[in-house]
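*Asks:* Based on the hints, put chain B in the right spot on chain A.
Keeping their order, the protein sequence lines are chains A and B.
Start counting the first sequence at 3; every next residue gets the next number (the numbering used here).
Start counting the second sequence at 3; every next residue gets the next number (the numbering used here).
Honestly, the hints are just simulated from the structure, not real lab data.
It is possible that part of the hints are untrue.
What the hints assert, rightly or not - Quick list of in silico lysine-lysine cross-link-like pairs, DSSO-like style, CA-CA up to 27 Å:
#, chain 1, residue 1, chain 2, residue 2
1, A, K262, A, K37
2, B, K329, B, K241
3, A, K179, B, K179
4, B, K79, A, K25
5, A, K269, A, K329
6, A, K240, A, K262
7, B, K186, A, K186
8, B, K329, B, K240
9, B, K179, A, K186
10, A, K219, A, K270
11, B, K241, B, K148
12, B, K148, A, K186
13, A, K179, B, K186
14, B, K186, B, K148
15, A, K186, A, K240
16, A, K148, B, K179
17, B, K25, B, K329
18, B, K262, B, K240
19, B, K262, B, K241
20, A, K37, B, K25
21, B, K148, A, K179
22, B, K219, B, K148
23, A, K148, B, K186
24, B, K262, B, K329
25, A, K240, A, K270
26, B, K332, B, K270
27, B, K37, A, K25
28, B, K117, B, K241
29, B, K25, A, K79
30, A, K241, A, K262
31, A, K240, A, K329
32, A, K211, A, K270
33, B, K79, B, K37
34, A, K37, A, K79
35, B, K186, B, K262
36, B, K211, B, K332
Number of protein chains: 2
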Amino acid sequence: MAELRRDPIVGRWVIVDTENIHKPEDFEYEQYISKGGETCPFCYGNESMTPPEIECFRNQDTSSNTPGWQVRVIPNKFPALQIEGDLERRGLGIYDMLNGIGAHEILIESPYHYKDLPELLDSEVENIITMSCRRANDLVRDSRFKYVMIFRNYGPAAGASLEHPHTQIVALPMVPKSVAEEIKGGQNYFEYRERCIFCDIIRQELQEKERVILENKHFVSLCPFVSRFPFEIWIAPKKHNGCYFRISPEEIPSLASILKETISMVKKVFVNLSYNYIIHSSPINGSLGTEYYHWHIEFMPKLMRVAGFEWGTGFYLDPTPPEFAAKILKEASVSR
Amino acid sequence: MAELRRDPIVGRWVIVDTENIHKPEDFEYEQYISKGGETCPFCYGNESMTPPEIECFRNQDTSSNTPGWQVRVIPNKFPALQIEGDLERRGLGIYDMLNGIGAHEILIESPYHYKDLPELLDSEVENIITMSCRRANDLVRDSRFKYVMIFRNYGPAAGASLEHPHTQIVALPMVPKSVAEEIKGGQNYFEYRERCIFCDIIRQELQEKERVILENKHFVSLCPFVSRFPFEIWIAPKKHNGCYFRISPEEIPSLASILKETISMVKKVFVNLSYNYIIHSSPINGSLGTEYYHWHIEFMPKLMRVAGFEWGTGFYLDPTPPEFAAKILKEASVSR
Chain A
3 MAELRRDPIV GRWVIVDTEN IHKPEDFEYE QYISKGGETC PFCYGNESMT
53 PPEIECFRNQ DTSSNTPGWQ VRVIPNKFPA LQIEGDLERR GLGIYDMLNG
103 IGAHEILIES PYHYKDLPEL LDSEVENIIT MSCRRANDLV RDSRFKYVMI
153 FRNYGPAAGA SLEHPHTQIV ALPMVPKSVA EEIKGGQNYF EYRERCIFCD
203 IIRQELQEKE RVILENKHFV SLCPFVSRFP FEIWIAPKKH NGCYFRISPE
253 EIPSLASILK ETISMVKKVF VNLSYNYIIH SSPINGSLGT EYYHWHIEFM
303 PKLMRVAGFE WGTGFYLDPT PPEFAAKILK EASVSR
Chain B
3 MAELRRDPIV GRWVIVDTEN IHKPEDFEYE QYISKGGETC PFCYGNESMT
53 PPEIECFRNQ DTSSNTPGWQ VRVIPNKFPA LQIEGDLERR GLGIYDMLNG
103 IGAHEILIES PYHYKDLPEL LDSEVENIIT MSCRRANDLV RDSRFKYVMI
153 FRNYGPAAGA SLEHPHTQIV ALPMVPKSVA EEIKGGQNYF EYRERCIFCD
203 IIRQELQEKE RVILENKHFV SLCPFVSRFP FEIWIAPKKH NGCYFRISPE
253 EIPSLASILK ETISMVKKVF VNLSYNYIIH SSPINGSLGT EYYHWHIEFM
303 PKLMRVAGFE WGTGFYLDPT PPEFAAKILK EASVSR
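So that you can see chain A by itself, here it is in the shape it has in the complex:
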């Protein structure tokens, strides 16, 4: 019989199919084959094709908007939100609106068009992490913003419109719904137990080991007990910390390594995979939730189309139990 599992943080129920388990070979996913060829605005030498850079790690003897950079941050050329202006709330009968103030930046992760994170050097991934934290810490100083959303779409099935690997950084004047729900759940638990629910989950997972994929000094990566998608993975710091970009410098190599290795394991099982990950972090300028929120990365491989009822109901069906997914990932990493 299948199991219905309830997410302890947000109360979402998921059907986990423990009977007709989908194995890796059962997924007919859209493979990401590079189209290559065309001129890429994110590649070396094409710096003038993008808006001027906001911040950059580059060789000392090079000048802005020329080659010689390692990580480059630019404004999105077609931003949905604009940075100039005052926040204006207004009503329209029963509805509420806000003008579209925000920031939308693109972090070009490396000069290499064809290198995903696992193919980069550890130091290169550390640069990406350091730069995303620098940008977030800069955006936080703008009191209009309530949240900094950092995410990555890799491959067309994951919604990436440009091939060259990049991370997106969006500053918003409100807290997104899913994060607000997680914070609410964390707060309820904290009021009851005076502990962080994420810390308790991580403690239980590290004891049981069944769903843990990787663990290093500062981080753990695991298939969550209430996975919405097959082979969903969370990466979280073992020590409590609400805010991603307050990560301590000594944790960065640890994060770079677990991120690289986790994605590498998934891509060994699913070649040419498209995927997304999103960094969930506590809101800013109000410091809501730093006690009971715990930052983490949610990694979602694009293995299945999402049908109608998931959208309409927030109710998911996961055909691969996370215990099984974790086992597959660990075996693949050993055997190949």
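*Replies:* Showing chain B alone in chain A's frame:
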């Protein structure tokens, strides 16, 4: 500048791009081209390929599981939930579980493999509605169930694994998260104003007319002010009613007609479109929310891939303002 709009029911924020508006020709969606050919278990003559029928509208002189039917309901051959057994709740450390009890039925909408709703006769669509209500009213009598979810995936991009048009009916031992949130929002509003928030929204929309697509005696179809997706449409009864399957018989022709005509309008603009719709209705066996919940259909055309941040954050970007979408749909219906 773009607008940030807040859903008055669940508090979700959506970026509505009012500047770089996506027009119908800007969407490169996956067209649904039938593969045909193979033997379809839902077609006339193949009744023995499915589990035995649960309920059926069929010609008097025909016997069960043979041709001669108009609408046919069968159990899902590969159900994620099973009907037999007692509900057992249990904990696993911090987690909560329930065994996979539920019902999963398939309503085969007509004998015609290639006819979507707009191509059916009004009376045929009425049969589908009547039958789905009958099944829901039957499932409600099982006190283990708390919700009956009725939805339709049309086309492969919408997650339909079989071509022959069908509706799915799933009975669940819990209330799905999205519906629970809508009920909570409706309840908050009701406590404050002693009115149904959905009724107030419908009243405002019918006055403004800007987002209304169609209206008949009992129903309205409109592009919601806070659309998550381009060309998202809601169909709702004008008179307050929390529960879909308590619809009065005289409303059924009105619903059949607006449903057919709405889908027909969308498919005039987007040929070979895949889409989903979900019927949102109040929970059962506890009669939560009948005062402040208002049943409705949420229709979602599959025009775009959903990128990462929507999943991870519950925060959406709609590149086609609903006012513009409504205008396009109305013009297309007149001109062609």
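*Asks:* Work down the list of hints and note, for each, if the structure agrees.
*Replies:* Each hint tested on the structure:
| no. | hint | verdict |
| --- | --- | --- |
| 1 | A:K262 / A:K37 | holds (24 Å) |
| 2 | B:K329 / B:K241 | holds (25 Å) |
| 3 | A:K179 / B:K179 | holds (13 Å) |
| 4 | B:K79 / A:K25 | holds (19 Å) |
| 5 | A:K269 / A:K329 | holds (15 Å) |
| 6 | A:K240 / A:K262 | holds (18 Å) |
| 7 | B:K186 / A:K186 | holds (14 Å) |
| 8 | B:K329 / B:K240 | holds (21 Å) |
| 9 | B:K179 / A:K186 | holds (14 Å) |
| 10 | A:K219 / A:K270 | holds (24 Å) |
| 11 | B:K241 / B:K148 | holds (24 Å) |
| 12 | B:K148 / A:K186 | holds (24 Å) |
| 13 | A:K179 / B:K186 | holds (14 Å) |
| 14 | B:K186 / B:K148 | holds (16 Å) |
| 15 | A:K186 / A:K240 | holds (21 Å) |
| 16 | A:K148 / B:K179 | holds (25 Å) |
| 17 | B:K25 / B:K329 | holds (11 Å) |
| 18 | B:K262 / B:K240 | holds (18 Å) |
| 19 | B:K262 / B:K241 | holds (20 Å) |
| 20 | A:K37 / B:K25 | holds (26 Å) |
| 21 | B:K148 / A:K179 | holds (25 Å) |
| 22 | B:K219 / B:K148 | violated (31 Å) |
| 23 | A:K148 / B:K186 | holds (24 Å) |
| 24 | B:K262 / B:K329 | holds (19 Å) |
| 25 | A:K240 / A:K270 | holds (26 Å) |
| 26 | B:K332 / B:K270 | holds (10 Å) |
| 27 | B:K37 / A:K25 | holds (26 Å) |
| 28 | B:K117 / B:K241 | violated (31 Å) |
| 29 | B:K25 / A:K79 | holds (19 Å) |
| 30 | A:K241 / A:K262 | holds (20 Å) |
| 31 | A:K240 / A:K329 | holds (21 Å) |
| 32 | A:K211 / A:K270 | holds (21 Å) |
| 33 | B:K79 / B:K37 | holds (22 Å) |
| 34 | A:K37 / A:K79 | holds (22 Å) |
| 35 | B:K186 / B:K262 | violated (31 Å) |
| 36 | B:K211 / B:K332 | holds (12 Å) |
Of the hints listed earlier, those the structure fails to meet are numbers 22, 28, 35, in rising order.
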